[in-house]
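Novice: Going down the list, the sequences are from chains V and P. Everything in the first sequence is counted per my numbering, starting at 937 for the first residue and increasing by one. Everything in the second sequence is counted per my numbering, starting at 937 for the first residue and increasing by one.
Please note: incorrect hints may appear among the correct ones.
One copy or any two copies: either way a pair holds, since identical chains are not told apart in the list.
Once the Cα atoms are required to be at most 25 Å apart in a straight line, the calculated DMTMM-like pairs of lysine to aspartate or glutamate come out as [what the hints assert, rightly or not]:
hint	residue 1	residue 2
1	K1053	D1071
2	K1053	E1177
3	K1053	D1137
4	K1053	D1167
No lab work stands behind these hints, which were simulated from the structure alone.
Residues per chain are reported as follows:
Protein chains: 2
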Amino acid sequence: MTTGSPARTPVDARLSMNQRTVPSLSIPALIEACARHGYRHIGLWREPVAVTGPAEVARLVATAGLRITSLCRGGWFLATDAPTRREREDDNRRAVDEAAEIGADCLVLVCGPALGKDLVSARRQVADAIALLADYAREMGVRLALEPMHPLYCGDRSVVVTLAQATAIARGAGPGVGVLLDSYHLWWDPDLEAALAGATDLVAGLQLADWLAPPPHHLNGRGMLGEGTIDLRRFCRLVEELTEYEGPIEVEIFNEDIWAADPELVLQRVAASFSSEVG
Amino acid sequence: MTTGSPARTPVDARLSMNQRTVPSLSIPALIEACARHGYRHIGLWREPVAVTGPAEVARLVATAGLRITSLCRGGWFLATDAPTRREREDDNRRAVDEAAEIGADCLVLVCGPALGKDLVSARRQVADAIALLADYAREMGVRLALEPMHPLYCGDRSVVVTLAQATAIARGAGPGVGVLLDSYHLWWDPDLEAALAGATDLVAGLQLADWLAPPPHHLNGRGMLGEGTIDLRRFCRLVEELTEYEGPIEVEIFNEDIWAADPELVLQRVAASFSSEVG
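From just these sequences and the hints, can you work out the full model?
Specialist: Have a look at this one:
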């Protein structure tokens, strides 16, 4: 490196910026910044999509030549009473509509949590709710992506905690239902290779974040690529070797320190860390 | 309930008080209090055993008519250099000696953490180290108990995160090596029933703590029985139905609020919560 400002790492063509990594940016600001930095893909969340409006999001993304790799999130299926359950079903259908309208590659589903202590029943209810939603998603041409979450979240987020579980539910729900792979949620699994081999045709998306040991926060303690304990290069290589997935790779990092940083620098850091840790 | 002080719940004959639930008590104080409350078993840790001295611990326990259900803990096998690895091996053999001297039912092993990002290699090294230690433990008549830990600890404590993994390593290490079941570490596992059925003859001990969602602390955020998300009755029933284990059940709760409470009340609360949640 010579004098002057440091060279920017070129953004890998596979890299997708999930907006929760830079949540201070509105969607128009995110799209402008990502396009300027050279990102080709972004991952979006429903709440900010609602602020900008799905039609406007679709227009801005098309104008910028970006692709939306995921919309987060539907799910949260379980309810104690029938009216609440119907509200959840309605809301999940709206999420499918939104994913269709913005043209997202998939709608990510959070599979839980249980309402009581009965995990067996909660897991069955989740599978039933997904099968029901799948009919509507197929009709709308939207791919559902079940996200197995780290067992850390079994009590408050997701009763689906392994890829093998998510794969079985996805297969049971029929065509158009896949799984989302996130390094943060899956890295610990001693059966990861077998689970990937079993999900080969079902991978709807791939996300990366590193694991800080111990996580500094229950929800918002994920690490920048390379700053934690996960062998991210191996994780991506296994996905490449054991599944048919060849799509974009999102970086989604919930971390309060990263959120407090200048989004311009975060967009650069993500590109640079992806290049050194995965690319 | 009429007037006067509330009736004490009788202590279940299976119940064992792990000393880390009431860490403010010295071992002599713990033994006196447990015997007075009607506990028949206790679980001990190496550091306080060293303070009192193993011979004195053995004498006090025998006098009180208590049984020691576990000694925590050996393990922490991995080292970056040969001298450190030999130190760890020496220390683990000392832990076996201590378990033998106090007459503990088993020596609990922490299986990790990895030193780098290579979980596959770390898991192999753990298995090798346990097989080596097992020779010495057999010689000394001490049962080793591999403790699979919640995947929450995969980065900083244990690369063995499922019961199936622990069972495979225990079988590979030969006779005298078993597994320790802890509800806190295992409750999330969608394959728990199959894993228990696979460990049927290997269960060396059973521990309970509840899962608070989210845990209020990485290490010391476990819950009193009944205050969290685990169906502890089902967990104990599965152990009873699917394994041959019929021994004592330890309550081991790392929780700073419980540690700050009067140990006399904690001994009562544990007995009462065990009675209502499991007994």
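Novice: Next, verify each hint and record whether it holds.
Specialist: Consistency of the hints with the structure:
1. Taking CA atoms no more than 25 Å apart as the test, K1053 paired with D1071 passes in neither setting, with 29 Å inside one copy and 41 Å between copies.
2. In this assembly of identical chains, the alpha carbons of K1053 and E1177 lie at most 25 Å apart only when taken from different copies (20 Å versus 38 Å within one copy).
3. With identical chains, the CA atoms of K1053 and D1137 are never at most 25 Å apart, being 33 Å at best within one copy and 28 Å at best between copies.
4. With identical chains, the CA atoms of K1053 and D1167 are at most 25 Å apart between copies only, with a shortest distance of 5 Å across copies and 34 Å within one.
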